[in-house]
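Residue-level listing of the chains:
There are 2 protein chains.
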Amino acid sequence: MSSKKIVTITRQYASGGREIGMKLAEKIGAEFFDKKLLEEAAKTSGIHQSHFEENDEKRTGSFLYLLSTTYGQNGVPFDDTLFFAQLNAIQKIASEKSCVIIGRCADYALRDFDHVAHILISAPIEWRIKRAVEVYGIDAKKAPDYVKRIDKQRIAYYNYYTDKRWGIPQNYHICLDSSALGIDGTVDLLKDFLDGFYA
Amino acid sequence: MSSKKIVTITRQYASGGREIGMKLAEKIGAEFFDKKLLEEAAKTSGIHQSHFEENDEKRTGSFLYLLSTTYGQNGVPFDDTLFFAQLNAIQKIASEKSCVIIGRCADYALRDFDHVAHILISAPIEWRIKRAVEVYGIDAKKAPDYVKRIDKQRIAYYNYYTDKRWGIPQNYHICLDSSALGIDGTVDLLKDFLDGFYA
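The listed protein sequences derive, respectively, from chains A and B.
Count along the first sequence from 1, then add 2; that gives the number in our numbering.
Count along the second sequence from 1, then add 2; that gives the number in our numbering.
It is possible that some hints are incorrect.
Unchecked claim - Below, simulated DSS-like cross-link-like pairs (lysine-lysine); rule was C-alpha separation at most 27 Å, straight line:
no.: 1; chain 1: A; residue 1: K29; chain 2: B; residue 2: K193
no.: 2; chain 1: B; residue 1: K193; chain 2: A; residue 2: K166
no.: 3; chain 1: A; residue 1: K6; chain 2: A; residue 2: K150
no.: 4; chain 1: B; residue 1: K193; chain 2: A; residue 2: K193
no.: 5; chain 1: B; residue 1: K193; chain 2: A; residue 2: K154
no.: 6; chain 1: A; residue 1: K38; chain 2: A; residue 2: K143
It should be emphasised that the hints constitute simulated quantities derived from the structure, not laboratory data.
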């Protein structure tokens, strides 16, 4: 039994993963990290937060970008430096306190930590497009492409930086389609899951 | 709201999917179909049950086998005939009564049915190997290869007969690692999930 509760949430864009994570964190008394993780990474690394924000969960695969990549100390590309700074921040947070961390390859960053619950939130594309328009105010005509693009970006980022493939159910303790029970129903079920997981 | 409860369970070998399905069926008052599905398929098709048993969730990819495949009426290979007979039996059962169906591409067979809950049960390979030895009496030395082989057979069968890829979380409403809560804990959580799903 562990007194600390560490939860990672991998999510498809507009699946409600962020909102579910926020509500779940409150229910289990854990600190919630979504964009705030970038703040922590900036703090612990000394690199300005704007760099983390510009490169948040995306890679540019363009050849020109690769040519122009800034190499830092030891010849490490700058975006790799950002990734490893984030990884360190995630490990630091998880070793200090109960937390719910959204995205940012947190499941990979904490792969050698015990008692971490790994969750994936998905939902049918139509449901997510509707939610992108209603909740995030994305233009209805552009939403289908936008949703797919963000998904692709995140998957490419994850697959590049980890030695795993994004979204394989075996990588998670529980995967839920958030449209099945809705946001609050999903939160309640995940709370029950975590009660069992940390029993 | 639907009064009938139709549940499909896709499972990795020795993950406990069968036992979970059996207990869940009892809890929700649904009929349980694992091997019994083959009996139903034999009954509705008139083809002897032994053929379904010999070909249960596996294909032989061998070239010699393909050459020797028996072609039935309309030039349809015999193993395709068996698959479609099973598909018909699954659809017949689901249109008649509450049921929990294990494997046999039931999620695909019922893709156009409303109010069907699709579940995937997985577990880490070490946990499943241990369970294969303890529960199914598989020889401890042979178990690692055996578990992987059955998984591969089922995946190849599924991917061949459906237009989907096995084990993509987006194809299921909930995926659970049965080692996280154990068999009974998983059954309880799935019961809660179905209560919400069918509310």
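Evaluation of the provided hints:
no. : hint            : in the structure
1   : A:K29 x B:K193  : holds, 21 Å
2   : B:K193 x A:K166 : violated, 31 Å
3   : A:K6 x A:K150   : violated, 35 Å
4   : B:K193 x A:K193 : holds, 15 Å
5   : B:K193 x A:K154 : violated, 34 Å
6   : A:K38 x A:K143  : violated, 31 Å
The structure fails to meet hints 2, 3, 5 and 6 from the earlier list, while all remaining hints are met.
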